[in-house]
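Visitor: These are the residues of each chain, in order.
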Amino acid sequence: MENSIYLDEARDPLIIAEGWMKDGKDVAIATVVETWGSAPRPVGSHLVIDADGNFHGSVSGGCVEGAVVTEAIDVIDTGKARMLEFGVADETAWQVGLSCGGRIKVYVERLG
Amino acid sequence: MDPYALKMLNAERRARRAAILVTDLGDGRDRIVREGDQVAGDLGVAVARAFRSGNSGSVEAEGRTFFLNAHLPQPRLVVVGAVHISQALAPMARIAGYRLEIIDPRTAFATSDRFPDVTLHAEWPEDVLKREPLDSYTALAAVTHDPKIDDFALKAALDANCFYVGALGSRKTHAKRVERLLALGASADEIARIHAPIGLDIGAASPAEIAVAVLAQVVHAFRSRGLEVKGAAA
Numbered sequence: 001m002e003n004s005i006y007l008d009e010a011r012d013p014l015i016i017a018e019g020w021m022k023d024g025k026d027v028a029i030a031t032v033v034e035t036w037g038s039a040p041r042p043v044g045s046h047l048v049i050d051a052d053g054n055f056h057g058s059v060s061g062g063c064v065e066g067a068v069v070t071e072a073i074d075v076i077d078t079g080k081a082r083m084l085e086f087g088v089a090d091e092t093a094w095q096v097g098l099s100c101g102g103r104i105k106v107y108v109e110r111l112g
Numbered sequence: 113m114d115p116y117a118l119k120m121l122n123a124e125r126r127a128r129r130a131a132i133l134v135t136d137l138g139d140g141r142d143r144i145v146r147e148g149d150q151v152a153g154d155l156g157v158a159v160a161r162a163f164r165s166g167n168s169g170s171v172e173a174e175g176r177t178f179f180l181n182a183h184l185p186q187p188r189l190v191v192v193g194a195v196h197i198s199q200a201l202a203p204m205a206r207i208a209g210y211r212l213e214i215i216d217p218r219t220a221f222a223t224s225d226r227f228p229d230v231t232l233h234a235e236w237p238e239d240v241l242k243r244e245p246l247d248s249y250t251a252l253a254a255v256t257h258d259p260k261i262d263d264f265a266l267k268a269a270l271d272a273n274c275f276y277v278g279a280l281g282s283r284k285t286h287a288k289r290v291e292r293l294l295a296l297g298a299s300a301d302e303i304a305r306i307h308a309p310i311g312l313d314i315g316a317a318s319p320a321e322i323a324v325a326v327l328a329q330v331v332h333a334f335r336s337r338g339l340e341v342k343g344a345a346a
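If you're matching them up, the sequences are chains H and E in order. Using the numbering used here, you'd call the opening residue of the first sequence number 1 and step up by one each time. Using the numbering used here, you'd call the opening residue of the second sequence number 113 and step up by one each time.
A few of these clues could be false.
Just the calculated beta-carbon pair ranges, DEER-fashion [as the list claims (entries may be wrong)]:
(1) E:Thr-223 to H:Asp-8: 25 to 31 Å
(2) E:Ala-208 to H:Gly-53: 54 to 60 Å
(3) E:Arg-206 to H:Met-83: 32 to 38 Å
(4) E:Arg-218 to H:Ala-67: 23 to 29 Å
Don't read these hints as lab results, they were simulated from the structure. All residues carry an ideal CB built from backbone N, CA and C; glycine is no exception.
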């Protein structure tokens with residue numbers, strides 16, 4: 001597309017999700033819908049997941065993506081959307097230096 | 113998410129047009145709202161606000177909770193003229209979150225030495241804008257005050273409905289420019305959109321101060337997009 005000057009197609013989660021869909025894959029889309037405190041990724045950020053657990057994008061600084069992927073595979077199976085809530089700064093996170101110090105709410109839904 | 117909504121959303125984003133994905137968090141149903149689409153009631157007010165701010169968030173309307181994910185193209189700032197003002201404007205624009213690029217066919221001005229880490233086109237605006245057309249999420253500031261370089265870009269900016277068009281030069285210089293733009297086929301109403309003399313009136317004297325005045329005017333234009341058309345929507 002001549003006009004997509006600043007859309008990074010290779011890394012854009014929603015573009016990747018559309019590509020997966022075209023390839024016939026089952027896809028879930030996770031979206032940060034609310035944040036409290038100093039959350040690492042702003043409201044509206046996406047993580048997209050396929051049924052094999054491949055993912056692109058982020059909803060945090062890598063702290064909770066693993067858990068979201070697990071939930072997303074369930075959402076793909078059942079087709080039922082879910083709202084997840086994470087406290088980002090738990091003790092473990094603090095110890096490994098990921099003291100983001102916030103909380104986030106993530107909406108996970110199936111594509112189609 | 114509705115696959116059709118995703119396709120439509122991506123098409124809008126690729127075309128650098130603003131769109132909002134509105135999701136009913138109760139039943140998961142969603143739809144795309146494009147800028148200019150009519151949305152009634154409280155939801156419409158929230159949609160208008162999201163288009164202006166670019167901020168996503170939840171809103172209660174009609175007894176339901178909607179999530180509005182606002183996708184605004186990243187604003188570009190195209191500066192015609194690799195001059196002293198532009199040298200100050202480039203780092204300021206970057207900090208403010210605007211993608212800046214500079215066009216100046218005068219190769220003595222447009223050097224990477226004078227503009228480290230800046231997207232520079234040492235070409236005529238005609239050639240650059242053919243490749244990378246202006247759009248309504250682009251601001252254009254013409255600061256060479258050389259008609260040969262500025263005029264084409266200014267006319268192109270008016271045609272593309274750039275959210276900001278500014279031109280350096282005194283009132284006298286601008287009066288002559290108005291005549292030339294009329295001759296190029298721009299209407300008086302279109303020409304009235306040009307900010308000239310350029311920049312908010314903060315008494316700027318040095319090139320760096322003028323850059324502050326220009327950037328502030330660009331931000332103001334960006335954040336008040338559509339207000340003059342749609343009236344006072346909050």
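Visitor: It remains to establish, for every hint, whether it holds in the given structure.
Guide: Structure-based check of each hint:
Checked against the hint of 25 to 31 Å, the pair Thr-223 of chain E and Asp-8 of chain H passes, with Cβ atoms roughly 28 Å apart. Evaluation of the 54 to 60 Å hint for Ala-208 of chain E and Gly-53 of chain H yields a failure: the beta carbon distance comes to about 39 Å. Under the hint 32 to 38 Å, the C-beta atoms of Arg-206 of chain E and Met-83 of chain H, about 37 Å apart, fit the expected range. The hint said 23 to 29 Å for the Cβ distance between Arg-218 of chain E and Ala-67 of chain H, and at roughly 56 Å that hint is violated.
Violation of the numbered hints given earlier is confined to hints 2 and 4; the remaining hints are satisfied by the structure.
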